[in-house]
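Going down the list, the protein sequences come from chains A and B.
Those letters in the first sequence? Residues 1 to 255, by this note's numbering.
Those letters in the second sequence? Residues 1001 to 1276, by this note's numbering.
Simulated from the structure, these hints should not be mistaken for lab results.
Bear in mind the structure is a predicted one, so any value in this text is a computation, not a measurement.
Note that CB positions come from ideal geometry on N, CA and C, so glycine has one too.
Errors might be hidden in some of the hints.
[Stated by the list, open to error] Below are the DMTMM-like pairs computed for lysine to aspartate or glutamate, each with C-alpha atoms no more than 25 Å apart in a straight line:
| no. | chain 1 | residue 1 | chain 2 | residue 2 |
| --- | --- | --- | --- | --- |
| 1 | A | Lys125 | B | Glu1099 |
| 2 | A | Lys125 | B | Asp1244 |
| 3 | B | Lys1219 | B | Asp1163 |
| 4 | A | Lys125 | B | Asp1252 |
| 5 | B | Lys1195 | A | Glu85 |
| 6 | B | Lys1072 | B | Glu1102 |
| 7 | B | Lys1072 | A | Asp120 |
| 8 | A | Lys60 | B | Asp1244 |
| 9 | A | Lys60 | B | Asp1239 |
| 10 | A | Lys125 | B | Glu1137 |
| 11 | A | Lys125 | B | Asp1257 |
[Stated by the list, open to error] Just a sample of chain B residues kept apart from chain A, beta carbon distances all over 10 Å, derived:
| no. | residue |
| --- | --- |
| 12 | Arg1007 |
| 13 | Ile1008 |
| 14 | Gly1022 |
| 15 | Asp1023 |
| 16 | Ile1043 |
| 17 | Thr1051 |
| 18 | His1108 |
| 19 | Gly1132 |
| 20 | His1138 |
| 21 | Ala1143 |
| 22 | Arg1174 |
| 23 | Glu1203 |
| 24 | Pro1210 |
| 25 | Asp1252 |
| 26 | Arg1269 |
[Unchecked claim] Computed from the model, here is a short list of chain A residues facing chain B with C-beta under 7 Å:
| no. | residue |
| --- | --- |
| 27 | Ile68 |
| 28 | Gly69 |
| 29 | Pro129 |
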Amino acid sequence: MICDDWTTDEMMTVAAARALPDGVACFVGIGLPSTAANLARRIHAPELVLIYEAGAIGAKPGRLPMSIGDGILAETADAVVTVPEIFNYWLQPGRIEIGFLGAAQIDRYANINTTVIGPDYANPKVRLPGAGGAPEIAASCGEVVVIVRQSTRSFVERVDFVTSVGYGGGPGDRERLGLRGGGPTRVITDLGVLEPDPETCELTLTEVHPGVDADQAREATGWELAVADDLRASAAPTAEELDALRELERSVAAA
Amino acid sequence: MRTQSSRIVPLSTAVAELLHDGDTVALEGFTHLIPVTAGHEVIRQGRRDLTLVRLTPDIVYDQLIGAGCARKLVFSWGGNPGVGSLHRFRDAIQNRWPEPLEIEEHSHAGLANRYVAAAAGLPFAVMRGYRGTDLPEHTATIAPVTCPFTGEVLTAVPALELDVAIVHAQRADREGNVQMWGLTGVQKEAVLAAKRSLVTVEEIVDELDPRPNAVVLPKWVVSCVSVVPHGAHPSYAHDYYERDNAYYREWDAISRDRETFGAWLDELRQGVSAPA
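Make the full structure from the sequences, and use the hints.
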């Protein structure tokens, strides 16, 4: 059943949830990634293994965690480990298939900035929270899925600061840097989905959400956006997806 | 010296004795068991020129920075978890208010490994990390290192030795052995990386019966224990209380401008029912 009454943010979260296959281990950040990953577990991926950087492996929270320190993650996890262990034993050796990240800025080659806005690190226009676990998640996970709202402020020709590496300056850079994970495979926005071109690594619009056309996505992008020849249309959120998503979001609003 | 018991003393005594102006100190807690009340005592006692260290500086670090206690911050993610930005932290960096704040910025993996190296008595830790990012250009404590066995180039980060580590735990026994459980973050590493340590606890019990995933800090690696019920509020203390989510949102409003923050600070300094 298709439901017509949904927001672009809901569409984005639903599209992100659909990007997560069942049965893989996924390193999840709080915020949009956590919402999408928990939605995926409720809809099509009950065996998705959620890993939170605070040390919860295989968390199965019955509501959305309020932060990465939420006790519900420890109570429902298969294993609880320390922060050094989660990074050194679990992330670094490549045991985690998918990394799920947000961004303040992202560029043509899917490099991510969550550190500062403005050209001068010492005198930033806006000081952002910083790296957290993202640089090593971007380096070491089998692949990376990014979820970010699309606008010319967030989709920029060059990020002001490379916090986490996507494809660097283009093909071959990840190998040259010795990054063992595969890099970003999908960027999911409120307008559609972008994927790196297999030859050039450049983010290319491959899918638009219902009611969005390629020109809208081009206008919300700070570089000349490449569009796939076979541009697809996302399926609208189903009633099941929307119900589950809204129930999750109510659980946080009530806290 | 090494087998001496920790001493159970009031919080004000512990802070006065252990923490001095200019010290490098971590009040650790990875969004759980954050030693918030101990941080308020540091503000009340007017410590200055501190180098504050923490992976996830949040509200209590915003308060310490806004109160002018810090000269430098070593960190990897500075935000109000689940809410947004830290306004006092941003004001210090963007506008040098109330004074300039030097920063030394890492990733979680990097900063965690700096504690691990210090806890292990090694000069540095080796990791895969930071390659291709702009962080090494701005952070002197990130450097390449070549593996002597394979020739592979990896990343080294130096041991981060603390003068003082302050953490919060669920409980201690009468001897001063400390027990914490749930998500225990980097607290053990921070305590073992420090010359002196203070643990605030919810309660003192006769016996530390086993808990799942518990970390025990033997009495001889802890300098002082202080009984501070609700000492992690507004963060969580697993099996004792949940996070006060409303307070995290309120802090956003209190900290947003200097005046409302100043009023909050006056109240704290006067000791009137320390808000949160």
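Hints, verified against the model:
With a CA separation close to 18 Å, the supplied pair Lys125 (chain A) and Glu1099 (chain B) stays within the 25 Å bound. This hinted pair does not check out: Lys125 (chain A) and Asp1244 (chain B) have alpha carbons roughly 31 Å apart, beyond 25 Å. With a C-alpha separation of about 18 Å, the suggested pairing of Lys1219 (chain B) with Asp1163 (chain B) holds against the 25 Å cut-off. Of the supplied pair hints, the one linking Lys125 (chain A) and Asp1252 (chain B) holds, its CA atoms being roughly 20 Å apart against a limit of 25 Å.
About 23 Å separates the Cα atoms of Lys1195 (chain B) and Glu85 (chain A), which keeps this hinted pair within 25 Å; it holds. Distance hint between Lys1072 (chain B) and Glu1102 (chain B) is fulfilled; the C-alpha atoms sit about 4 Å from each other, no more than 25 Å. Annotation: proposed proximity of Lys1072 (chain B) to Asp120 (chain A) holds, straight-line Cα distance about 19 Å (limit 25 Å). A hinted pair counts as satisfied when its Cα atoms are at most 25 Å apart, and Lys60 (chain A) with Asp1244 (chain B) qualifies at roughly 22 Å.
The straight-line distance between the Cα atoms of Lys60 (chain A) and Asp1239 (chain B) is roughly 18 Å, inside the 25 Å bound, and the hint therefore holds. Note on Lys125 (chain A) and Glu1137 (chain B): the hinted pairing holds, with a Cα-Cα distance of about 19 Å set against a maximum of 25 Å. The suggested pairing of Lys125 (chain A) with Asp1257 (chain B) holds, with an alpha-carbon distance near 17 Å, which does not exceed 25 Å. No beta-carbon of chain A comes within 10 Å of the beta-carbon of Arg1007 (chain B); the shortest separation is about 27 Å.
No Cβ of chain A approaches the Cβ of Ile1008 (chain B) within 10 Å, the least distance being about 26 Å, so the stated non-interface status holds. With a least CB separation of 23 Å from chain A, Gly1022 (chain B) remains clear of the 10 Å interface cut-off, as annotated. Consistency note on Asp1023 (chain B): stated as away from chain A, and its beta-carbon is indeed over 10 Å from all of that chain's, at 23 Å minimum. With a closest Cβ-Cβ approach of about 22 Å to chain A, Ile1043 (chain B) is found to remain outside the 10 Å limit, as its non-interface label requires.
With a least CB separation of 17 Å from chain A, Thr1051 (chain B) remains clear of the 10 Å interface cut-off, as annotated. Non-interface status of His1108 (chain B) relative to chain A is broken: a Cβ of that chain comes within 10 Å, the nearest being about 5 Å off. A Cβ of chain A approaches the Cβ of Gly1132 (chain B) within 10 Å, the least distance being about 4 Å, so the stated non-interface status is violated. At roughly 5 Å, the least C-beta separation between His1138 (chain B) and chain A is not larger than 10 Å, which violates its mark as non-interface.
At roughly 15 Å from the closest C-beta of chain A, the C-beta of Ala1143 (chain B) stays outside 10 Å, upholding its exclusion from the interface. Residue placement check: Arg1174 (chain B) keeps its beta carbon more than 10 Å from all beta carbons of chain A (closest about 27 Å). For Glu1203 (chain B), the requirement that its beta carbon stay farther than 10 Å from each beta carbon of chain A is met, with the minimum near 18 Å. Non-interface status of Pro1210 (chain B) relative to chain A is upheld: no Cβ of that chain comes within 10 Å, the nearest being about 15 Å off.
Every CB of chain A is more than 10 Å from the CB of Asp1252 (chain B) (nearest about 14 Å), matching its label as outside the interface. Its beta-carbon lying about 27 Å from the closest one in chain A, Arg1269 (chain B) satisfies the requirement of being farther than 10 Å from that chain. Annotation: interface hint on Ile68 (chain A) holds; nearest CB of chain B at approximately 5 Å, less than 7 Å. Using the Cβ-Cβ criterion of 7 Å, the hint placing Gly69 (chain A) at the interface with chain B is satisfied: the shortest such distance is roughly 3 Å.
With its C-beta approaching chain B no nearer than about 4 Å, Pro129 (chain A) sits inside the 7 Å limit, and its interface hint holds.
The earlier numbered hints that this structure contradicts are 2, 18, 19, 20.
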